[in-house]
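A.B. asks: Just so you know, the protein sequences line up as chains A and B, in that order. Residue numbering for the first sequence is 1 to 379, as defined by the numbering used here. Residue numbering for the second sequence is 380 to 828, as defined by the numbering used here.
These aren't lab readings, by the way, just hints derived from the structure by calculation. This list has only true hints and no planted wrong ones.
Listed next, the in silico BS3-like pairs over lysine-lysine satisfying Cα-Cα at most 27 angstroms (straight line):
id, chain 1, residue 1, chain 2, residue 2
1, B, LYS422, A, LYS351
2, A, LYS181, A, LYS152
3, A, LYS346, A, LYS37
4, A, LYS114, B, LYS465
5, B, LYS422, B, LYS465
6, B, LYS437, A, LYS114
7, A, LYS27, A, LYS94
8, B, LYS424, B, LYS465
9, A, LYS37, A, LYS369
Not close to chain A: a few residues of chain B, all C-beta gaps over 10 angstroms, as computed:
id, residue
10, ALA457
11, ALA641
12, PRO660
13, VAL816
Where is the CB? At the ideal position from N, CA and C, for every residue including glycine.
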Amino acid sequence: MRTTKRRLPGAGSAVFAPPAAEDHPLKIAEFRAWRVKEPVSNRRYTVVRLRSQGGISGYGEGGAALAGEIAAARGVTAGRRATESEFVRSALRKTPALEAAVNNAMLDLVSRAKNVPIYRYLGGPVRYKARLLAHLEGTASAQSSPSLERAKQQGMQAFTMAAPLRDAMIPLRAWVDLVRKHFADMQALAGASSEWVLDGAGAMTPGDAASVAVALERSHPVWFDEPTGVITQDALAKIVDESVMPIGLGRNITDIAEFQSLLASGSVNIVRPDLGLNSLTKIKRIAALAETHYVGIAPFHNGGPIGSMAGIHLNASLIYAYAQQIPVPASDRDAATRAGITSGLKETGDKGFFALLNRPGLGFEVNEKALDAASEERI
Amino acid sequence: MKRRQLLTALAGAGALSAASGRRGVGLSPLHDCGCAPQIVTAKDKPPGAAAFRDVASKLRITNMRVFGVTLDERIAQADRPYVFVKIETNEGVTGWGEATLEGKASAAMACVMDLKDLIIGSDPMQVEHLYQTMYIGSFYRGGPVLGSAISGIDQALWDIRAKVMNMPVYEMLGGPIDPRGVRGYYHADAWTLAQARELRDKTKAAGVTALKFQLPDLLECVETNAKIKRAVAHMEMLREGLGPDLDFAVDFHARPSPTVAAIILREIEPLHLLFAEEICPPENVKAMARAVRHSTTPIATGERLIASYGYSELIDMGVIDILQPDIAHVGGVTALWKVSATAEASGIRMAPHACEGPIGGIASLHVDAAGPNFLAQEICGFVDAGEKNRVWEDLMGFPAMRMVNGRYPLPARPGLGVDINEAALKRYPFQGTRPFVMAFHEDGAVASL
Numbered sequence: 001m002r003t004t005k006r007r008l009p010g011a012g013s014a015v016f017a018p019p020a021a022e023d024h025p026l027k028i029a030e031f032r033a034w035r036v037k038e039p040v041s042n043r044r045y046t047v048v049r050l051r052s053q054g055g056i057s058g059y060g061e062g063g064a065a066l067a068g069e070i071a072a073a074r075g076v077t078a079g080r081r082a083t084e085s086e087f088v089r090s091a092l093r094k095t096p097a098l099e100a101a102v103n104n105a106m107l108d109l110v111s112r113a114k115n116v117p118i119y120r121y122l123g124g125p126v127r128y129k130a131r132l133l134a135h136l137e138g139t140a141s142a143q144s145s146p147s148l149e150r151a152k153q154q155g156m157q158a159f160t161m162a163a164p165l166r167d168a169m170i171p172l173r174a175w176v177d178l179v180r181k182h183f184a185d186m187q188a189l190a191g192a193s194s195e196w197v198l199d200g201a202g203a204m205t206p207g208d209a210a211s212v213a214v215a216l217e218r219s220h221p222v223w224f225d226e227p228t229g230v231i232t233q234d235a236l237a238k239i240v241d242e243s244v245m246p247i248g249l250g251r252n253i254t255d256i257a258e259f260q261s262l263l264a265s266g267s268v269n270i271v272r273p274d275l276g277l278n279s280l281t282k283i284k285r286i287a288a289l290a291e292t293h294y295v296g297i298a299p300f301h302n303g304g305p306i307g308s309m310a311g312i313h314l315n316a317s318l319i320y321a322y323a324q325q326i327p328v329p330a331s332d333r334d335a336a337t338r339a340g341i342t343s344g345l346k347e348t349g350d351k352g353f354f355a356l357l358n359r360p361g362l363g364f365e366v367n368e369k370a371l372d373a374a375s376e377e378r379i
Numbered sequence: 380m381k382r383r384q385l386l387t388a389l390a391g392a393g394a395l396s397a398a399s400g401r402r403g404v405g406l407s408p409l410h411d412c413g414c415a416p417q418i419v420t421a422k423d424k425p426p427g428a429a430a431f432r433d434v435a436s437k438l439r440i441t442n443m444r445v446f447g448v449t450l451d452e453r454i455a456q457a458d459r460p461y462v463f464v465k466i467e468t469n470e471g472v473t474g475w476g477e478a479t480l481e482g483k484a485s486a487a488m489a490c491v492m493d494l495k496d497l498i499i500g501s502d503p504m505q506v507e508h509l510y511q512t513m514y515i516g517s518f519y520r521g522g523p524v525l526g527s528a529i530s531g532i533d534q535a536l537w538d539i540r541a542k543v544m545n546m547p548v549y550e551m552l553g554g555p556i557d558p559r560g561v562r563g564y565y566h567a568d569a570w571t572l573a574q575a576r577e578l579r580d581k582t583k584a585a586g587v588t589a590l591k592f593q594l595p596d597l598l599e600c601v602e603t604n605a606k607i608k609r610a611v612a613h614m615e616m617l618r619e620g621l622g623p624d625l626d627f628a629v630d631f632h633a634r635p636s637p638t639v640a641a642i643i644l645r646e647i648e649p650l651h652l653l654f655a656e657e658i659c660p661p662e663n664v665k666a667m668a669r670a671v672r673h674s675t676t677p678i679a680t681g682e683r684l685i686a687s688y689g690y691s692e693l694i695d696m697g698v699i700d701i702l703q704p705d706i707a708h709v710g711g712v713t714a715l716w717k718v719s720a721t722a723e724a725s726g727i728r729m730a731p732h733a734c735e736g737p738i739g740g741i742a743s744l745h746v747d748a749a750g751p752n753f754l755a756q757e758i759c760g761f762v763d764a765g766e767k768n769r770v771w772e773d774l775m776g777f778p779a780m781r782m783v784n785g786r787y788p789l790p791a792r793p794g795l796g797v798d799i800n801e802a803a804l805k806r807y808p809f810q811g812t813r814p815f816v817m818a819f820h821e822d823g824a825v826a827s828l
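Bound-form chain B, shown alone (with noise of 0.2 angstroms):
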């Protein structure tokens, strides 16, 4: 049978692929599987691409790299090596992204290069239709691995787009909101009123509005009265110290239960907390819903959650006040910016998590400076920059994104704003992967850090 009867005799069954149809792909049927009788598969380079001959670009993607990059523990966590993604093109413009993933940069590198199929050859313009197709097309529809992996090409192909467009990505999307850019917080710890109120000074000089803490304690799904009123007297010595002025969280970075979660919640409520953040494990929205019903303190959470598909139940079920989605696993801007606007139509706010390297946090700020719905970015960094001036300078020639009256200001070049050094980057070859930091109770059972 010729491959026009072929068609023909598929279309006639109704089961003719979406990739045929009158441009004539090279189809080929799967033999190999159940579905095989129903599904045809694209032979052209890449799958599907040539339907969009007539209405492309003629800018095509030519090559794509990743690069592992690890760094003294001092600037970035030991299981966080860069994961980051060049695209290049035909035209010699070139896209940057970040597919950072915690505790698996080799399967998040081996992922991108297992997108490489689908993206050599393609129009990088059409961004959407890439993002589905690496989202869809590869079957599973998320997990981390997948998500950073897209997460990176997708930042990749916004960089490249936004330069063509000779602006930056945040113009594309509509914004900027506030041109004095976007509000941030950095991370922060005291132990002692002494040393919450010399940080209160600090930050307050540093032109500063926001911090966020971490619980003083590793939590088990029952906890006793010792250490509940250990965690809030420490949140309620930080206000002490930081004064009624200055903005903080508390991240509970899923250690305790909701039971436990429920309880403390209802003590910290006094203190006007600018968020909770993952009060609980993610995985069970209903079980978060019951920890947070009793409390008006807002709730944040998302950092591990996947496109924005993976949101739509927190919304749907009216469970929290914050989405904290990761530009780096979330799925790239494209992602990032569908999960903001699904959140407004909730009135839910955006504070992004970026604890990763320095492209998703850029790529960060331009989703948030379009957010009509934005509250905070958060930038892994301590007031004080520290080593991380020097690497950044290395990296991309300028130091370290600080906050300007308490604001990132926003990148000013066409694209994302960052160009990475090549050279450069082998000063930090990638010495593998290293696993999420490990916590255990003290009678040896695993817990959440």
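With the rest of the complex left out, here is chain A (with noise of 0.2 angstroms):
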């Protein structure tokens, strides 16, 4: 094998020192903030971008923010180095929005100045493709089917699919029974090799979530997520001791005890924690937690294009990570809207995966004027 010699700076410094405190290329130099909004599906995320004294920009992606709260999260920033993952975390603990795209514009900083994909800096890559998962907007079979089509066309294999809500006139056999007939409809339209997640939103009792879920786990959806909003072990023990159905659960979950407690009752199968309420360094804390239960990760995500490819280098990281679920826009402005953001790259797949990019940082460059146009707010 050929040897290049690469140099090594360090060699003649202090064995043990504090962090110099003098001024270092990946201080944190600038803040930047973006409140994004689509134009028709009105989809809500934050874009920071940090810029380092060395002249290095990293950009982040969290949930919907309120500028008190940015201008809060860009104090922590300040005189901070990127590195700084864990004080972040810890600061920006009550702005989960913020902590979650903070953190990641700081990890696409760092591995940005260090040349590397941020899946390398998490110490992957564990696969060399990432699994997507299309989150169809929509909860009726026609609603959903622009989605669909859309990303069938780029070229996902794997679907959320909103159950249909209880009425409250409906008599629980006939409800059960619409949900199965819309499972089986939605695979109809998307053809044999489709799979699904059955999305209970959190609306269903863990009662009605039970039936489903013994309704439905012979047809066999990758799991049922979210199935009611009631998260207690006693609720929770409805559905799981009912049933074999896999259960996702967590999008709504920002402490990580809770992902403990669901772990420790046998609660959960699937930890779904969201891209737009935890960073990628917190999110790979809840997975060490699930790999010690055998339990898999998918990151939630309803939010931007950023957020999805930094799910992607997060999922080529960790071992038990699933698939990366990725939004389908169903109107033709709001898909322009999230292309423009990452300067033309799409969040598309080769049958059902996304391939994973050797570039440093997220692997594209953000477009900062689009961010701009699709911005109710710049901060």
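Reassemble the complex: the two chains are provided individually, in unrelated frames, and hints are given to aid placement.
C.D. replies: The following block contains the structure:
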């Protein structure tokens, strides 16, 4: 094998010492943020750009945030190095959308500065391609079909399907049959090779969710997502004790201890931290927890394209990561907005997978003009 | 049947291995096992690496070596010759790790080399993938020999990764939490009140804030009033001699049964220990839970457990307050970080064990520095460094790591911050494995030391 000698700095320096307090190329020198709103779906998210003293920029996305929260986050990052993710995780724990945006921007910045993709900085890749899960818009079959068609064109083979809501006047059996029919209809629309996640959106009672889980377990959805909003051990036991349906939970959880509680009680089969509310470094911790329970992780995502790509890097660095959820807009205008932000890089797959990019940081250039155009406010 | 046809047939049966796919990896079926019809193995070397052709870095591991290092007993116990691992790359970047395993040095060295085929030719930047390759790919998923071998290799991989990035490992892990360093404690013993007071003065003068002691006796599964009183009186004497301000922990070293441990823990609550360590043998978590449920003294354990999986029952059952994985056994930086992350979610603190050589101790500091739930770092050694300084100078070019104002300052150089002088290693040739020190009760029965 050919050997090329790499020059390594550091020899001759102090062996043990606190990090130098003076200026450092990775010190954060500038903070910008955009409050983005997609034109048709009104999907909202926050994009943060950090620029280091050395002139490198990094971008991170989090969920929707208020202007005051963004201003406070700017104060937290002032004078910090872009490597200090644990400090930021702690300092911004009460504004999870900004914890995600700022920490992810730091990760992009450092990875660009070190000329490596984010997945490599995180210890990956553990896989060379990441499975995509298309998050479809709409709740009825007809509403979802434009989004489904776009997702299929984008090379996706796994999809989320919103479960029909139960009207109080509908008997339980009739409603369960309706869910079953909806599932079959969507499967038929997407083709035999399609895989589905049934999305309960936290809207069912635990008892109703248990009935649906039992009714559909032989149809083998990949999992039943957020079947109920009642996240207590007793409530979830109704579902997990009565069926073998895998249960996904966690899109509204920002406290890692809550994931631990779900895992320890055996109430969850796929943990689903929201990329808009948890940074990659934080989700890595959640994944470490899930790994000890042999539980998979598939971050929830209904935000922008920068978040999608960050999720793909995370997926490539976690052994138990299953899929990255990607929002698929029904509208052309929303799709164009998203593609504009990523300078044309599309959230598309090949036979259901996204082939990893071997480029520094997130792997694409963020188009700030497109961000400006899609923003309610630039801060 | 051509290879492509074989793959297609297997895929059709839903039986294609993860190593296959668009990369056209060379595959052959297993023939000698009941799982033969289901499994195909990768022929590429290292196994599975071809899949990452387009997404790996240009760095490749070209060689891996293991060194046994036997020292004078004044510096390292006879049962634990250092086991160092060196990984070399095609770009001249090298990494060092430590796989020292008490009483099993030869086995750990052999196990490191058993893993060579999984490592040589790999991209060292894929540390998580390589960790999983060694852990899952070794089938047994743990045990101290495999855990120590993985630990040595994993530390060396992190050393390379961070050297390439030109940053200390703790920065890659998101630290430091506290730039002043990480709190530590030394080992100590004192058998009289006068000795304890002398130790207090010496400890405070050195700026050290915590010490750890052992129980005075071996203990049986049921114990007499006399021995229990002696153990309690010993700890009371220590508290009186050390004063109220100096923290101290007591290592029960898994000597008592849960039954005896519960009685002692009840008696020593007023002493407010930093923690009580390994209060009973580690295998049965439910039994340990029985012992601790009556005590508010913080309970620490975990030095004999492997991988983050080894800790999950302790965490889920809420048995302990502090975890003590050893970076030379648990699975290196990767596994120690994962244990720390899982512990944090349950409000459990970390006081990693480190009673082997210098690389493991320094590697621990990096993980400590990035853990918000870190409490204190053990480094086997006393307030007086003694002969260690000379050997550290010889091996690494700097004296033994010492606390400043109660903290170990952070390693400042890129990587782990350690480079071993191979010429110096020749002055401490490996002299074989010696067993862990044995202890026996007065009736000749084997005792837990």
